[in-house]
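In our numbering, the protein residues as written are 695 to 870.
Hints listed in this document are in silico derivations from the structure and should not be mistaken for laboratory results. Take these hints with a grain of salt, some might be off.
Unchecked claim - Ranges of calculated distance between the beta carbons of each label pair, as one might list FRET restraints:
| hint | residue 1 | residue 2 | range |
| --- | --- | --- | --- |
| 1 | S802 | Y701 | 52 to 58 angstroms |
| 2 | I707 | S802 | 41 to 47 angstroms |
| 3 | A854 | R801 | 46 to 52 angstroms |
| 4 | Q718 | K697 | 47 to 53 angstroms |
| 5 | F857 | P709 | 54 to 60 angstroms |
| 6 | S802 | F870 | 19 to 25 angstroms |
To be verified - Straight-line distance between alpha carbons at most 20 angstroms, and here's what the computed EDC-like set of lysine to aspartate or glutamate pairs gives:
| hint | residue 1 | residue 2 |
| --- | --- | --- |
| 7 | K833 | D863 |
| 8 | K834 | E797 |
| 9 | K749 | D785 |
| 10 | K763 | D785 |
| 11 | K717 | D796 |
| 12 | K841 | D790 |
| 13 | K725 | E797 |
| 14 | K829 | D790 |
| 15 | K749 | D790 |
| 16 | K763 | E837 |
| 17 | K749 | D836 |
| 18 | K829 | D863 |
| 19 | K783 | D836 |
| 20 | K749 | D796 |
| 21 | K803 | D836 |
| 22 | K833 | D790 |
| 23 | K829 | D796 |
| 24 | K841 | D785 |
| 25 | K834 | D790 |
| 26 | K833 | E850 |
| 27 | K803 | D785 |
| 28 | K763 | D796 |
| 29 | K783 | D826 |
| 30 | K833 | D785 |
Remember, it's a predicted structure, so these values are computed and weren't measured experimentally. Note that beta-carbon positions come from the ideal geometry of N, C-alpha and C, so glycine has one too.
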Amino acid sequence: MAKTPRYYPAEDIKPAKVVHKVKQNPPRVRKSITPGTVLILLAGRFRGKRVVCLKALESGLLLVSGPYKINGVPLRRVNQAYVIATSTKVDVTGVDVASITDEYFARSKDAPKEAEEEFFAGDAPKPAVVSDQRKADQKKVDESLLKAVGAVPMLEAYLAAQFSLSANDKPHLMKF
């Protein structure tokens, strides 16, 4: 048996904590949402717009596009909680979105921080500028997506139409 020390330390020494790294499982995407499914956006700037799902990203968000030429929705990431999946499908096998990942949408680290004085100076805020690479990627995706949309009759008009509910609509009875 070990002898106890005569004096205790003034500070309690805590044992070193063991850090357990938790590996996140990839998020599950609803069965109704597959690449090519037409989705209705429920929130955000483009709510009420119909978009085409291109793929599910590693973060669990969905990569969608309008196409931009039809309804003005660019390549975006959308949380699946804020969409309704419809039964309409588009063949997106010819659309190449392998290079677009979550890092593609990350903001650049070297963006200059605005000084507080400049903020309060009263100048109008500068509109966000879309990079040339984003424009080129949007054009490339839209080109192949428009071919797929054009192959289905009346799909272009369906995607361009705004979705809304009126007072007498019962969404729980609707089939999308």
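Evaluated hints:
1. S802 / Y701: 52 to 58 angstroms: holds (57 angstroms)
2. I707 / S802: 41 to 47 angstroms: holds (44 angstroms)
3. A854 / R801: 46 to 52 angstroms: violated (31 angstroms)
4. Q718 / K697: 47 to 53 angstroms: Between Q718 and K697, where Cβ atoms are some 48 angstroms apart, the hint holds.
5. F857 / P709: 54 to 60 angstroms: Given about 58 angstroms between the Cβ atoms, the range holds.
6. S802 / F870: 19 to 25 angstroms: With Cβ atoms ~38 angstroms apart, the hint is violated.
7. K833 / D863: It is violated: about 37 angstroms lies between the C-alpha atoms, which goes past 20 angstroms.
8. K834 / E797: holds (19 angstroms)
9. K749 / D785: holds (12 angstroms)
10. K763 / D785: holds (18 angstroms)
11. K717 / D796: At roughly 18 angstroms apart (the allowed maximum being 20 angstroms), D796 and K717 satisfy the hint.
12. K841 / D790: holds (13 angstroms)
13. K725 / E797: The given pair, whose Cα atoms are some 25 angstroms apart, is violated under the 20 angstroms limit.
14. K829 / D790: Within the cut-off at roughly 15 angstroms; holds.
15. K749 / D790: holds (10 angstroms)
16. K763 / E837: Satisfied, since the Cα-Cα distance of roughly 9 angstroms is no more than 20 angstroms.
17. K749 / D836: holds (15 angstroms)
18. K829 / D863: Measuring from Cα to Cα gives roughly 38 angstroms; hence the hint is violated.
19. K783 / D836: Given pair K783, D836 holds - Cα atoms ~16 angstroms apart, limit 20 angstroms.
20. K749 / D796: holds (12 angstroms)
21. K803 / D836: With Cα atoms ~28 angstroms apart, K803 and D836 exceed 20 angstroms; violated.
22. K833 / D790: holds (12 angstroms)
23. K829 / D796: holds (17 angstroms)
24. K841 / D785: Since the Cα atoms of K841 and D785 sit roughly 10 angstroms apart, the hinted pair holds (cutoff 20 angstroms).
25. K834 / D790: Given that 20 angstroms is the threshold and the Cα spacing comes to 8 angstroms, the pair holds.
26. K833 / E850: Between K833 and E850 the Cα gap is close to 17 angstroms, so the pair holds against 20 angstroms.
27. K803 / D785: Violated, at about 37 angstroms.
28. K763 / D796: At roughly 23 angstroms apart (the allowed maximum being 20 angstroms), D796 and K763 break the hint.
29. K783 / D826: Distance ~30 angstroms between K783 and D826 Cα, so the pair is violated.
30. K833 / D785: holds (18 angstroms)
Going down the numbered hints, you'll see the structure goes against 3, 6, 7, 13, 18, 21, 27, 28 and 29, while the others check out.
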